[in-house]
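Novice: Here is how the chains run, residue by residue.
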Amino acid sequence: MLRNVIEGENITRIYKVSTDTHRGSVVVKNLTTESADKADSVGVETYLLDFDFQPTGYQSDMEISAYTDQADIVPAGTLGILIKPAVGTVWATDQIDITGLVKGDYLMAGTTTAVGKFIKATTGKSTVYKYVGAYDDGGHTLQAFEIVEPKTIA
Amino acid sequence: MSKLYNTEIAEIVKTKNIIELSDKMDMQKKGKATLTSEDNEAIGLLDNFAREIGRTGKSSENNKLLAEYIKETIEPTVFNPDESILGDMFDIGTIGEFDEKAFTGLPKNTIKVYDAVRGGNVPKSYVDPTIYTKKSFKLQAETELNYSDLRRNGFKSIAKMTELALESFNNEKFYRIFAGVDDALNILSGDQNSNAGSTLTVSVMDNFTRYLRDMAVDGNPFMIGLTKYTDPIARMDGADKFLSEDMKNEFNRTGYLSLYNGVVVNSVPTARKTADNKNLIPDKRIFGIAGKIGEMDIRGDLRNYETYDNDAEKVKLKFTGFDVDYIIYHLDRMARIYFS
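Those protein sequence lines, which keep their order, are chains U and E. For the first sequence, the tail end lands on 154 under this note's numbering, and the numbers increase by one without skipping. For the second sequence, the tail end lands on 1340 under this note's numbering, and the numbers increase by one without skipping.
Just chain U, same shape as in the assembly (with noise of 0.2 Å):
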């Protein structure tokens, strides 16, 4: 799930998933392949995956909670859409691991089972997303982060 907390101007840019992602996964575009996949340990060149979801045929008329597999998860091998957040706007995802987070620590793509998810930023690295807090949306705790100028962490 991935929600716009502080608006700006992104770039939305729709582009070939590669395997069945979250919306508000970070990914990496892959020029080889020409599909997204989920990023690894990385902080910077790297994209918001969202999707605009609208239920069909008998659940056409119904109101799906966005939350739900159906509505969140891209499949592999269809489109999504790939956001490049401008720097200032705020945006909360629950595609994250807030181990040892505290608000201001720097984040970064994880690693193995955490890949595409963000938690914290380690020694060396470059990041563009700072985390500021918890986002409460509708009863659902999502946690928000901030786009700032890329920063390597000491």
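It should be emphasised that the hints constitute simulated quantities derived from the structure, not laboratory data. Values in this document were obtained by computation on a predicted structure and should not be read as measured data. Cβ coordinates follow ideal geometry from the N, Cα and C atoms, glycine included. There could be a bad hint or two in this list.
With a cut-off of at most 27 Å between alpha-carbon atoms, the simulated BS3-like pairs for lysine-lysine come out as follows [to be verified]:
id	chain 1	residue 1	chain 2	residue 2
1	E	Lys1138	U	Lys29
2	U	Lys130	E	Lys1314
3	E	Lys1160	E	Lys1138
4	E	Lys1314	U	Lys84
5	E	Lys1314	U	Lys16
6	E	Lys1316	U	Lys84
7	E	Lys1278	U	Lys103
8	U	Lys130	E	Lys1318
9	U	Lys130	E	Lys1316
10	E	Lys1228	E	Lys1278
11	E	Lys1135	E	Lys1273
12	U	Lys84	E	Lys1228
Beyond 10 Å from chain E on every Cβ pair, some chain U residues (computed) [stated by the list, open to error]:
id	residue
13	His22
14	Leu31
15	Asp40
16	Ile81
Given chain U, work out where chain E should sit, using these hints.
Specialist: Chain E alone, transformed into the frame defined by chain U:
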């Protein structure tokens, strides 16, 4: 089946016995019976009907369904406070966005008098006007919708979002006004600010209600608090001595007393919360109002802005301009009981 009986099929089923008809057909094939033209007609119609049901699930008259997709819409319980309370507490008006209002307070009479004999002086006393400070708050809310939401005609529409935003604004206004009243009461003492400890007692309640009745102007003073504080009023230690039969009946029937010691008891449901899970009035308080305590002005108009983002196919909604000014000048018409 009742819808079926409007058609020719209905007539046939009523007048002919289908089992007989099918037997007859069978016998005709074996050469032992002949079908009349009426029979043939009936068979033709029934046949068509059955074929069509098998193919489409509905008859050509479209008056019979095999199965229905039943959709029920459930709306969450909406809790909005009774805004008429604010009308009893404040003179509510409007003010232009760029206007200003000034309050001059006439001083209290503090001229002292002394015993006198001819030909001498007594100490001078002075009067000084009071200054009233106006409080204000400005609220804003934002959300966004996809263009596809607008096209699908589900519940997500700009009108619905505006309605929800307005509801949230009104709830927050209610909370802020009472929080402001609570704040103003912090500097008062004595009967206007009684500490009830952890349970309400008859003596605290008596002092509180006596103060309100003394200060009442135009009609009954009222008190307001969360139900968890106002409901136990009837059960205070020693209060049952003074409850009449009618009052006891009312208490047993409704769970609370609507009038105590001449003061109307209003309450706000404790269990119901606003969108951000707060109670609508501050916790651990019973407020008492003896008449209009001040003025509340809605400043300017609500401004709604829609920004259309064609690339992301989203519309961003910004609701702003919900500005409220309020001032409390009759501090002596308020009282409260606070619990620890």
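Novice: So which of those numbered hints doesn't the model satisfy?
Specialist: 1, 12 and 16
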